[in-house]
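Participant: So the chains spell out like this:
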Amino acid sequence: MNIIVVGLSHKTASVEIREKVAFSPNSIEQPLKALLMLEGIVEGVIVSTCNRVEIYATTRDIAGGVGRLRRFLADWHHLPYDTIEPHLYSYHGEAAIRHVFRVASSLDSMVVGEPQILGQIKTSYGYAAEYGSSGIILNRFLHKAFSVAKRVRTETRIASSAVSVSFAAVELARKIFDSLSDKTVLLVGAGEMCELAARHFLTNGAREVLVTNRTYEKAQRLAEEFEGQAVPFEELFDHLHKADIILTSTGAPHFIVTPKDLKEVIQRRRMRPMFFIDIAVPRDIDPAVNELDSIYLYDMDDLQQVVAANLENRMQEAEKAEAIIAEEIVQFAKWIATLEVTPTIVALRRRLDELRRAELARTLVAWKDAPPDVEKRLDALTTALINKILHQPTIVLKRTGQGNRTDLYLDALRALFDLELGIEEPESTLELEEPPTTP
Amino acid sequence: MTHIAFYLTLALYGVTTLLYLACLLRSTPCVAGLARKLLVAGFLAHCLAVIHRAIAAGHLPITNMHESLSFFALSIVAAYLYFEFRFKVTSLGSFVLPLVLLLVIGSSAFPSELRPLNPALKSTWIYSHTLLAFGAYAFFTIAGGVASMYLLQSHFLKKKQLGTLFQKLPSLDTLDEIGYRCLTFGFPMLTVAIITGAIWAAQAWGSYWSWDPKETWSLITWFVFAALLHGRLTTGWRGRRAAWLTVAGFLIMLFTFIGVNLWIPGLHSYN
Chain Z
0 MNIIVVGLSH
10 KTASVEIREK
20 VAFSPNSIEQ
30 PLKALLMLEG
40 IVEGVIVSTC
50 NRVEIYATTR
60 DIAGGVGRLR
70 RFLADWHHLP
80 YDTIEPHLYS
90 YHGEAAIRHV
100 FRVASSLDSM
110 VVGEPQILGQ
120 IKTSYGYAAE
130 YGSSGIILNR
140 FLHKAFSVAK
150 RVRTETRIAS
160 SAVSVSFAAV
170 ELARKIFDSL
180 SDKTVLLVGA
190 GEMCELAARH
200 FLTNGAREVL
210 VTNRTYEKAQ
220 RLAEEFEGQA
230 VPFEELFDHL
240 HKADIILTST
250 GAPHFIVTPK
260 DLKEVIQRRR
270 MRPMFFIDIA
280 VPRDIDPAVN
290 ELDSIYLYDM
300 DDLQQVVAAN
310 LENRMQEAEK
320 AEAIIAEEIV
330 QFAKWIATLE
340 VTPTIVALRR
350 RLDELRRAEL
360 ARTLVAWKDA
370 PPDVEKRLDA
380 LTTALINKIL
390 HQPTIVLKRT
400 GQGNRTDLYL
410 DALRALFDLE
420 LGIEEPESTL
430 ELEEPPTTP
Chain S
0 MTHIAFYLTL
10 ALYGVTTLLY
20 LACLLRSTPC
30 VAGLARKLLV
40 AGFLAHCLAV
50 IHRAIAAGHL
60 PITNMHESLS
70 FFALSIVAAY
80 LYFEFRFKVT
90 SLGSFVLPLV
100 LLLVIGSSAF
110 PSELRPLNPA
120 LKSTWIYSHT
130 LLAFGAYAFF
140 TIAGGVASMY
150 LLQSHFLKKK
160 QLGTLFQKLP
170 SLDTLDEIGY
180 RCLTFGFPML
190 TVAIITGAIW
200 AAQAWGSYWS
210 WDPKETWSLI
220 TWFVFAALLH
230 GRLTTGWRGR
240 RAAWLTVAGF
250 LIMLFTFIGV
260 NLWIPGLHSY
270 N
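Chains as they are written, first to last, in numbering that gives the first Met the number 0: chain Z, 0 to 438; chain S, 0 to 270.
Be careful, since some hints might not be right.
Claimed, not checked - Below are the DSBU-like pairs computed for lysine-lysine, each with C-alpha atoms no more than 35 angstroms apart in a straight line:
(1) Z:Lys397 x Z:Lys367
(2) Z:Lys149 x Z:Lys10
(3) S:Lys87 x Z:Lys149
(4) Z:Lys333 x Z:Lys319
(5) Z:Lys319 x S:Lys159
(6) Z:Lys319 x S:Lys36
(7) S:Lys158 x Z:Lys241
(8) S:Lys158 x Z:Lys319
(9) Z:Lys217 x Z:Lys149
(10) Z:Lys241 x S:Lys159
(11) Z:Lys241 x Z:Lys262
In short, the hints are calculated from the structure, not lab data. Source: prediction; values computed, not measured.
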């Protein structure tokens, strides 16, 4: 049995293509069922996110299976095959295992190390398990992928640093204030980035949000949204001392806060540190403010540099992750190889035993004046003969880790003796370690 | 026995210091855990060495340079362990432990033979006066350590140099909190140590205050930390300038403790 992967991602296809072949989670049942109807496809899982659409499947016929899955992606969405063909990639065997391990570990993501993809794959697998399209191999395979992703996350620092401006701001604040739980955030002006950052601060425990805006109504509206308090813009400096973290993004053409303005504020705050985050361009805060004791100022450029450095860091950590994945692939490939050994031996033994019994019965029926103990003797003889014949092949097959050899022998045995085997799960299925996280 | 315990202490502190420095460069929780365990082991060995020597000598082993440096190191480790367990700041150890190691190495460089106690020191005042002084010194040393970490961290934040060391150091608020604790513990101890010293001096030497170099420098140390604490309590003074003054206070204290004994002869020089 072989694992195959067919799909496209942000690396091979533009969003226009990706959205055409995307599967909606609300109607994932039909394509999953249709997948199993394809000739030679035994199990299937469909992963569809905004950055990738992929099908993981198992098949005995690699070339045929891959071809049918590629066609399936076009046919299901009623697209001419030519439009998506150049964007598709397909893998089988170890390359397929590597690909899925890398995707789950977020090494193939647009932002390497982003945490959503693992949750998305878990959800996709959840559907496949629910509708019965994943079986023994894909169950084991995806659980393995989840544990590899977990290992990558804990053993490397791939996701340890912020790679978005607003998260970088929260992280910096933690290096100034330790706990954000008793901290007040002041928003000066409105702006998407500013609001996003404020929201991040709130979800990370900030106590209160103050909002000010040249248009007081706007401030009120935003304050309501954050369950905070609106402050008239003219009274900014009467309230500034209450704020530990100040986010500014006004359209003002000049600095609205200068070192001179902060003298009194610092005194009123008893010199407790203040963290200014200036997202406005042109800037709202005089950079000289950063020179004041206990005042820390970051503008958009600073934050973007932090993000860039963190991203570079992630790339270095990604190399460690690749090593972990390489290790896990070897182990998993071994499991796949041994998967069918035992059932094949059992089936072979059963087949030979059937023949033996049939021949034995025929012989005894024809043998009229047989001595009384002949049945016992013949039974022992034929059983011993079969055991002797099967002894060596069993040893060879059980010597696992032979890779392609084992597959070859198994295929030959199945073909030569016309064996039908029901594969049984050798170990109990692993449980999902954690509920799928929604992005 | 005392020697075995002492050299065991030295070895354990040596390894611990290396581990704490390694923690600063590379992040593995197991190294930090091991460092903490070894430090506790070193601390226990150190206690054993000091107690054993105290029994052998029949008095507190703080009467010569060998003994006082070792006792100073022990006080610092005790204070450090409190803060490590209370605030979980491994990186503080990377700053404090090298000094501890230096002190113990320094201690081993001085003659360690037991000598009869100077008659002037035969008094129960020795306990309150010196133990309080050592306690104050230990807390001021920790204060000096966190103040230098504060200066580093604040420098990184202002200059936007957010490297490995920045990631390892605790937040400014945590450092500030530890520093303030040290002041509130250390300053009263130093105050009482000076007062008991004066009372003892009146009994032993006949005068409360004789402007002995040790007394003068202790007073300077006291004024520095008094200024810091006063500023903090009245206007909430903190930040980089306060941190600089804390470091200065620590260096003055170090001079009061070691420099005065080594270079300026006076009533407190017993070697």
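Participant: Against this structure, judge whether each hint is valid.
Facilitator: Structure-based check of each hint:
1. Z:Lys397 x Z:Lys367: Roughly 43 angstroms between the alpha carbons, so the hint for Z:Lys397 and Z:Lys367 is violated.
2. Z:Lys149 x Z:Lys10: holds, 24 angstroms
3. S:Lys87 x Z:Lys149: With a Cα-Cα distance of about 26 angstroms, the restraint between S:Lys87 and Z:Lys149 holds, given a limit of 35 angstroms.
4. Z:Lys333 x Z:Lys319: Roughly 22 angstroms separates the two Cα atoms, so the pair holds.
5. Z:Lys319 x S:Lys159: holds, 27 angstroms
6. Z:Lys319 x S:Lys36: Holds, because 29 angstroms separates the two Cα atoms, which is no more than 35 angstroms.
7. S:Lys158 x Z:Lys241: holds, 25 angstroms
8. S:Lys158 x Z:Lys319: holds, 30 angstroms
9. Z:Lys217 x Z:Lys149: The given pair, whose Cα atoms are some 44 angstroms apart, is violated under the 35 angstroms limit.
10. Z:Lys241 x S:Lys159: At roughly 25 angstroms apart (the allowed maximum being 35 angstroms), S:Lys159 and Z:Lys241 satisfy the hint.
11. Z:Lys241 x Z:Lys262: holds, 14 angstroms
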